[in-house]
Amino acid sequence: EPEVTQTPSHQVTQMGQEVILRCVPISNHLYFYWYRQILGQKVEFLVSFYNNEISEKSEIFDDQFSVERPDGSNFTLKIRSTKLEDSAMYFCARRLRNGYGYTFGSGTRLTVV
Amino acid sequence: SQELEQSPQSLIVQEGKNLTINCTSSKTLYGLYWYKQKYGEGLIFLMMLQKGGEEKSHEKITAKLDEKKQQSSLHITASQPSHAGIYLCGALHSGGSNYKLTFGKGTLLTVNP
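Protein chains in written order, with this note's numbering: chain X, 66 to 178; chain L, 87 to 199.
Derived from the structure by calculation, the hints contain no laboratory data. All C-beta atoms in this analysis are idealised placements derived from N, C-alpha and C, irrespective of residue type, glycine included. Heads up, some of the hints might be wrong.
Ranges between beta-carbon positions, derived for each pair [what the hints assert, rightly or not]:
hint: 1; chain 1: X; residue 1: 138; chain 2: L; residue 2: 124; range: 24 to 30 angstroms
hint: 2; chain 1: L; residue 1: 164; chain 2: X; residue 2: 134; range: 25 to 31 angstroms
hint: 3; chain 1: X; residue 1: 135; chain 2: L; residue 2: 101; range: 31 to 37 angstroms
hint: 4; chain 1: X; residue 1: 75; chain 2: L; residue 2: 142; range: 32 to 38 angstroms
hint: 5; chain 1: L; residue 1: 167; chain 2: X; residue 2: 106; range: 23 to 29 angstroms
hint: 6; chain 1: X; residue 1: 83; chain 2: L; residue 2: 114; range: 39 to 45 angstroms
hint: 7; chain 1: L; residue 1: 99; chain 2: X; residue 2: 117; range: 46 to 52 angstroms
Model the full assembly from the supplied sequences, consistent with the hints where possible.
So, in structure tokens, the structure goes:
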């Protein structure tokens with residue numbers, strides 16, 4: 066069983082629609098991340114989340130993006146009004162203390178049409 | 087300038103040959119992760135290095151971190167078609183609460199039977 070499960074594996078959405086990507090870590094970890102990879106490009110950091118609040122976000126993570134962990138288990142990334150350029154693979158990750166144990170989920174491929 | 091550079095960008099080898107992929111940072115590394123990715127899929131953890139001069143091996147793959155902690159190499163011995171894929175290095179440039187990873191552009195490895 067994977068340590069980090071992401072759903073859905075693939076989502077197609079109309080431009081302007083809201084999408085919610087979900088991540089479920091198995092253990093009760095504290096440190097979570099979202100990364101993005103546009104097809105054929107580098108994996109890029111979006112946001113880090115610790116102790117139920119954002120600890121750092123990148124320039125990509127603008128007002129259209131939000132993260133939360135509403136029930137202490139699922140960790141979600143919401144894109145309020147999707148744009149064509151949001152089409153990418155979105156990876157959730159968790160880590161253990163001191164930088165160890167950085168584990169990525171299998172990703173959600175988001176296609177905005 | 088790039089914080090993290092990988093070389094080569096792509097590599098084609100004959101099955102059975104050895105190969106090396108390099109990852110060079112412009113700043114001292116706190117830690118360095120190696121992942122393997124099939125095109126359009128998730129990141130599979132290979133190894134994590136944190137101490138200067140550290141070397142780790144798993145099956146036919148060996149990764150090293152230099153003493154100055156600014157360069158890492160990934161060496162594959164007697165390559166097989168199953169080694170084909172994209173190899174990514176991800177750098178932790180500092181400690182602290184965030185520990186975000188900065189990725190290289192990746193090295194595309196093709197192994198011809």
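| Against the structure shown, which of the earlier numbered hints fail to hold, in ascending order? | 2 and 3
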